[in-house]
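Given the structure of chain A, go ahead and fit chain B onto it with the hints provided.
The listed protein sequences correspond, in order, to chains A and B. If you read the first sequence in the numbering used here, its first letter stands for residue 1, the second for the next number, and so on. If you read the second sequence in the numbering used here, its first letter stands for residue 1, the second for the next number, and so on.
Since the hints were derived computationally from the structure, they do not count as laboratory data. All figures in this text were calculated on a predicted structure; none of them were measured in a lab.
Label pairs and their calculated CB-CB ranges: (1) Arg9/B - Leu46/A: 16 to 26 Å; (2) Asn24/A - Leu39/B: 18 to 28 Å; (3) Tyr22/A - Arg15/B: 32 to 42 Å; (4) Thr113/B - Gln9/A: 23 to 33 Å; (5) Gly16/B - Gln14/A: 43 to 53 Å; (6) Gln80/B - Ala68/A: 40 to 50 Å; (7) Leu39/B - Val44/A: 15 to 25 Å.
Idealized CB from N, CA, C, for every residue including glycine.
Read off the chains here:
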Amino acid sequence: TQLLEQSPQFLSIQEGENLTVYCNSSSVFSSLQWYRQEPGEGPVLLVTVVTGGEVKKLKRLTFQFGDARKDSSLHITAAQPGDTGLYLCAPWALEAGNMLTFGGGTRLMVKP
Amino acid sequence: DTGVSQDPRHKITKRGQNVTFRCDPISEHNRLYWYRQTLGQGPEFLTYFQNEAQLEKSRLLSDRFSAERPKGSFSTLEIQRTEQGDSAMYLCASSLAYRGRLEQFFGPGTRLTVL
Chain A
1 TQLLEQSPQF
11 LSIQEGENLT
21 VYCNSSSVFS
31 SLQWYRQEPG
41 EGPVLLVTVV
51 TGGEVKKLKR
61 LTFQFGDARK
71 DSSLHITAAQ
81 PGDTGLYLCA
91 PWALEAGNML
101 TFGGGTRLMV
111 KP
Chain B
1 DTGVSQDPRH
11 KITKRGQNVT
21 FRCDPISEHN
31 RLYWYRQTLG
41 QGPEFLTYFQ
51 NEAQLEKSRL
61 LSDRFSAERP
71 KGSFSTLEIQ
81 RTEQGDSAMY
91 LCASSLAYRG
101 RLEQFFGPGT
111 RLTVL
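Extracted from the complex, chain B is given alone in its bound form:
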């Protein structure tokens, strides 16, 4: 296993269209995270899964955003009716938690541009 993978790496879409991104975590990791990162900022937390259960959602995750992890392996993040403000890098990370630390390993990201 070579790490977290994300697809596509880049997506250009027109305002109002729906987009879906995929994340494949490190295989033995049971936790999966989605973040959004805009230019010049650090990643902002969107949502988190433990196995197939979605346990946390940020207030940043509006009704137009939905994430799934149906079998506890890969995850998808869908944005409906995209807006120009959705343009950002969408990062996925996975982790194994153990006592005293929480280490997350990131994928390369999907760069979304909404025209």
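So here's chain A without its partners, still in its complex pose:
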């Protein structure tokens, strides 16, 4: 069973600040998804990264997959209150079959 750690667990910042959250493991993954979840709703898929070192941008969000495909980061530039939510990483390894394992998430609050 892979150990998956997301950090920080909680983050409270002011509108306009930048932030980075991390998803780390000792296992190598085939791909990794990032989701955002708002209270009372299901997670919404933001991005999938597949290649080691890959960088994907989604407006003010920048996602990077580690060179060794063991970790990932999400950087948000000029955070907005609408970015508030639970950010979940979900890596996938071929040997895990057809199941994703979710990290505990980073709960982000952006204050206006």
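Then chain B, alone, in the frame of chain A:
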């Protein structure tokens, strides 16, 4: 098709009662998953179907839990003799798998409260 739908969105029940939740996946997706999520945690895998076959079950899925996907389309999750510890958000997801990635799309969830 607008995505994965779940019904009901909220369910309040008394301890000992049975409850059933429904999930309608994205129509062309052949894989369907059930997860449970408690406050402050990420989703925990419960079970997985490929078409109508239930291929994986977590140890979290006790004998009181049963899931079906009779025609390979919608799925139901039933909890018998509910306990207060069953209170959680129950999430359904569906996916199409293709080389090198596994992307799951989630429904809005069913929030269960057991009194």
